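Order-wise, the sequence lines are chains A and B.
Going from the first sequence to this note's numbering is simple: count from 1 and add 43.
Going from the second sequence to this note's numbering is simple: count from 1 and add 21.
Treat the hints as calculated values from the structure; they're not laboratory data.
Watch out, some of these pointers could steer you wrong.
Per the computed footprint, the stretches of chain A lying under chain B, defined by three or more beta-carbons under 8 Å from a beta-carbon of chain B, are [stated by the list, open to error]:
# : stretch
1 : 57-67
2 : 293-302
3 : 305-319
Distance ranges between label pairs, derived from CB positions [what the hints assert, rightly or not]:
#  : chain 1 : residue 1 : chain 2 : residue 2 : range
4  : A       : Leu73     : B       : Glu46     : 19 to 27 Å
5  : A       : Val309    : B       : Glu79     : 49 to 57 Å
6  : B       : Ala122    : A       : Arg51     : 16 to 24 Å
7  : B       : Gly43     : A       : Leu73     : 15 to 23 Å
8  : B       : Pro42     : A       : Arg256    : 17 to 25 Å
9  : A       : Pro262    : B       : Arg130    : 47 to 55 Å
10 : B       : Pro42     : A       : Thr61     : 46 to 54 Å
11 : A       : Gly189    : B       : Gly170    : 21 to 29 Å
Short, incomplete list of chain A residues facing chain B, as computed with Cβ under 10 Å [stated by the list, open to error]:
#  : residue
12 : Ala70
13 : Glu75
14 : Ser79
15 : Asp155
16 : Leu279
Quick caveat, the model's predicted, so the values are computed rather than measured.
Beta carbons: idealized from backbone N, C-alpha and C, even for Gly.
So you can see what is in the structure, the chains are spelled out below.
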Amino acid sequence: MNEITLLREAGPQAPPLTAAARSAARAALLAEIEASDSGRRRFRLPSPKARWRIGLAVTTAAAAWTAAVVVGAPDEPGPPPTGVTLVAFEPPVFPLSVVPVPPGLTPTFSADPGGILQARYGTGDGGSSFGIQVSPEEPEQYDVTGTDEVTIGDREAELVSGVDLVCGGPGPECVDVERPYVHLVVQWRDDLWVQVSGQGRYDDGDRLVALARALVDEPQPVPLQVHLAPAGWSVLAYKDDRILTLVDDAYEQQTLNVHLPLPEDVIPADRLLSELMGPVGPVIDVTVHDRPAHLVQIGGGPLDSGWFLQAQFPDGTTFVVQAPAAFTQDEVIRFAGEVTHSR
Amino acid sequence: MADGPPSPDRPPSLHALPSGPGDTELIARSVAEPEQFAALFDRHAAAVHRYLGRRVGELADDLLSETFLIAFRRRTAYRPERVDVRPWLLGIATNLVHAHARAERRRYRALARTGADPAAAHASDDVHARVDAEALRGPLAAALAGLAGRDRDVLLLFAWGQLGYEEIAVALDVPIGTVRSRLNRARRQTRAVLAPAYTSEVDR
Numbered sequence: 044m045n046e047i048t049l050l051r052e053a054g055p056q057a058p059p060l061t062a063a064a065r066s067a068a069r070a071a072l073l074a075e076i077e078a079s080d081s082g083r084r085r086f087r088l089p090s091p092k093a094r095w096r097i098g099l100a101v102t103t104a105a106a107a108w109t110a111a112v113v114v115g116a117p118d119e120p121g122p123p124p125t126g127v128t129l130v131a132f133e134p135p136v137f138p139l140s141v142v143p144v145p146p147g148l149t150p151t152f153s154a155d156p157g158g159i160l161q162a163r164y165g166t167g168d169g170g171s172s173f174g175i176q177v178s179p180e181e182p183e184q185y186d187v188t189g190t191d192e193v194t195i196g197d198r199e200a201e202l203v204s205g206v207d208l209v210c211g212g213p214g215p216e217c218v219d220v221e222r223p224y225v226h227l228v229v230q231w232r233d234d235l236w237v238q239v240s241g242q243g244r245y246d247d248g249d250r251l252v253a254l255a256r257a258l259v260d261e262p263q264p265v266p267l268q269v270h271l272a273p274a275g276w277s278v279l280a281y282k283d284d285r286i287l288t289l290v291d292d293a294y295e296q297q298t299l300n301v302h303l304p305l306p307e308d309v310i311p312a313d314r315l316l317s318e319l320m321g322p323v324g325p326v327i328d329v330t331v332h333d334r335p336a337h338l339v340q341i342g343g344g345p346l347d348s349g350w351f352l353q354a355q356f357p358d359g360t361t362f363v364v365q366a367p368a369a370f371t372q373d374e375v376i377r378f379a380g381e382v383t384h385s386r
Numbered sequence: 022m023a024d025g026p027p028s029p030d031r032p033p034s035l036h037a038l039p040s041g042p043g044d045t046e047l048i049a050r051s052v053a054e055p056e057q058f059a060a061l062f063d064r065h066a067a068a069v070h071r072y073l074g075r076r077v078g079e080l081a082d083d084l085l086s087e088t089f090l091i092a093f094r095r096r097t098a099y100r101p102e103r104v105d106v107r108p109w110l111l112g113i114a115t116n117l118v119h120a121h122a123r124a125e126r127r128r129y130r131a132l133a134r135t136g137a138d139p140a141a142a143h144a145s146d147d148v149h150a151r152v153d154a155e156a157l158r159g160p161l162a163a164a165l166a167g168l169a170g171r172d173r174d175v176l177l178l179f180a181w182g183q184l185g186y187e188e189i190a191v192a193l194d195v196p197i198g199t200v201r202s203r204l205n206r207a208r209r210q211t212r213a214v215l216a217p218a219y220t221s222e223v224d225r
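So that you can see chain B by itself, here it is in the shape it has in the complex:
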């Protein structure tokens, strides 16, 4: 699937231009030459870990490894005409997160209670921005903890994975209309939880 122009349904994203063969070509080559697959890890490990880490914290280290092992085993089933490699990897990672749904919710609830996220302690050098973010971190985590798992998947693939509707549909193997309705529901519920805290931050 080729990148199209940014649109309201497709958040703009920046992709580093790969040097050497493209992702699709690497996967095709890796069927006969498995060692070619290692280059995909070098290109995408950081992005996959960042997505996993925001969902499951330290467990991301293990799931990163599992994601690439599963991707390697399934490389012959990869369909380049349906989805790019990064959304494909994030789909695998999302399925792995399902097995750790309790750990994910526990993480969000803990953040909701304390509002303290050690990983975000130095995320911004801007004092005002950091204060704003810290004020909303707890309510955001509470909102995520309250979402149905499948709605959360769509929301976080959109927000953190930076995937478009069609990419999410393929990654999760659901129709694009289902993606739209789940995302809309997740956004509405998140807004509802955030409303008091967000309004006070905006009004400040």
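Extracted from the complex, chain A is given alone in its bound form:
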């Protein structure tokens, strides 16, 4: 009996879900559903697409991100592809810039499937910050209490005010606390909506309007980039300039991850085999960016086996590549050699 079985059989047990607790939780959900249905919980801005249609073409930049939308997974995936062909890859970009950037703030980028991109400008120490979110669809707003029309250049925009529920309270327990918010929402072009929001000194309608008026159509490259990728793959997600996930568009169970681990998650080379699960064979010493790197083949099921490579950028920052078994050893190293980080 291993520790997992012990945990299941002898670990702390759950108290029973009583009929009263179940009914109370279900009733709360039904109340939420009913409120949503009648429009009290959720408010969707009336679509101003017809008014704001300006007929600009889709940019390559926006397409590079939105191409990451994937189709639903088949119920029974077949065997994964047995090989890849590495080709030049155009790194994704964020389509807008703030000019000038407020002193002391730098952007951090994230992207999710569906073409939702975010640039968060902050100081990195939890101080005042603001975010620019772009999406191909009009962003939904929650618990709206009011709207004000403003103009951003020749575009009409709205300042949306509402109330958000956040975890707060004086003690260690999480208590729902109502926090007012204000967002600026503007349709930038046919297929691009922009939402500007802020925290601290930027949580202010006038400042959001000023920031929106400082937006220009200047694409920004993201700091973590790959310049080589398997043919037929696209960006699935990008998070906080630390994680980039590519997906095989023809077999989306198969992904390729580039990750900048936190310092405490960097695995010393002599502990790689003991820290990783399912290693097959020894740690292979290789060279990436002219620096020593370590490659481990990982076993497991058809969707879990592959490669784990821990390498460094020329500045010494550690990064990790996790590639599926469809890659050869040489392809993992070639790919890693084309990963760059600019910050």
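Using the hints, position chain B against chain A.
For chain B alone, kept in the frame of chain A given last:
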């Protein structure tokens, strides 16, 4: 994400076959017809409560409700191509547990001190199995109390949530390699704490 065959990285699990529309279809429908979401509560409330209850005890009643309220509010952001509904719900539940980390650790420490778990008093009818479980309950709770929160999340989603690596990665929004290393670390630390008690039980 479809269920694949059991593998060492993916613990076998039994899923009741849902009658009527599948989970993904229910969520899709619930965008225009919110009332469709209630069926997901009926299907998954027991599993989510069981997972929460093992972590936070009686607090699970409140967190069960919060989990489904949050899931309902975020249903338009659910990505069926990335994760099934149950792992998605357990990911939300896990994030809620973070806000109660102190309560969770207090629970484990109390169990570690006394070894008495009222919820487990009649978990097994087998006398020998019950004695074995009671002997290990305290050390197990002590091991859980000593784990870093993020390592504990991975371990318990694997052990109690019965999720595979990839599902945990999506539920916690971390790379799968991080899941592997955190799980390995958590298992190693748990084994180390259990070693004396477990060895004596095995040798008995």
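Taking the hints in turn, this is what the structure says about them:
1. 57-67: Check passed, 8 qualifying residues.
2. 293-302: Our answer is that it holds, as 4 residues pass the Cβ test (under 8 Å) against chain B, meeting three.
3. 305-319: Per the Cβ count (5), the hint holds.
4. Leu73/A - Glu46/B: 19 to 27 Å: Roughly 20 Å apart at Cβ, these two residues keep to the hinted range, so it holds.
5. Val309/A - Glu79/B: 49 to 57 Å: 39 Å, violated
6. Ala122/B - Arg51/A: 16 to 24 Å: 22 Å, holds
7. Gly43/B - Leu73/A: 15 to 23 Å: 21 Å, holds
8. Pro42/B - Arg256/A: 17 to 25 Å: 47 Å, violated
9. Pro262/A - Arg130/B: 47 to 55 Å: 53 Å, holds
10. Pro42/B - Thr61/A: 46 to 54 Å: 29 Å, violated
11. Gly189/A - Gly170/B: 21 to 29 Å: Given a distance of about 39 Å, which is not inside 21 to 29 Å, the answer is violated.
12. Ala70: It holds, given that the least Cβ distance between Ala70/A and chain B is near 9 Å, below 10 Å.
13. Glu75: 5 Å, holds
14. Ser79: Constraint on Ser79/A satisfied, holds at 5 Å.
15. Asp155: At about 8 Å, which falls below the 10 Å cut-off, the nearest Cβ of chain B leaves the hint on Asp155/A intact, so it holds.
16. Leu279: Given a least distance of 8 Å, the restraint on Leu279/A holds.
The structure fails to meet hints 5, 8, 10, 11 from the earlier list, while all remaining hints are met.
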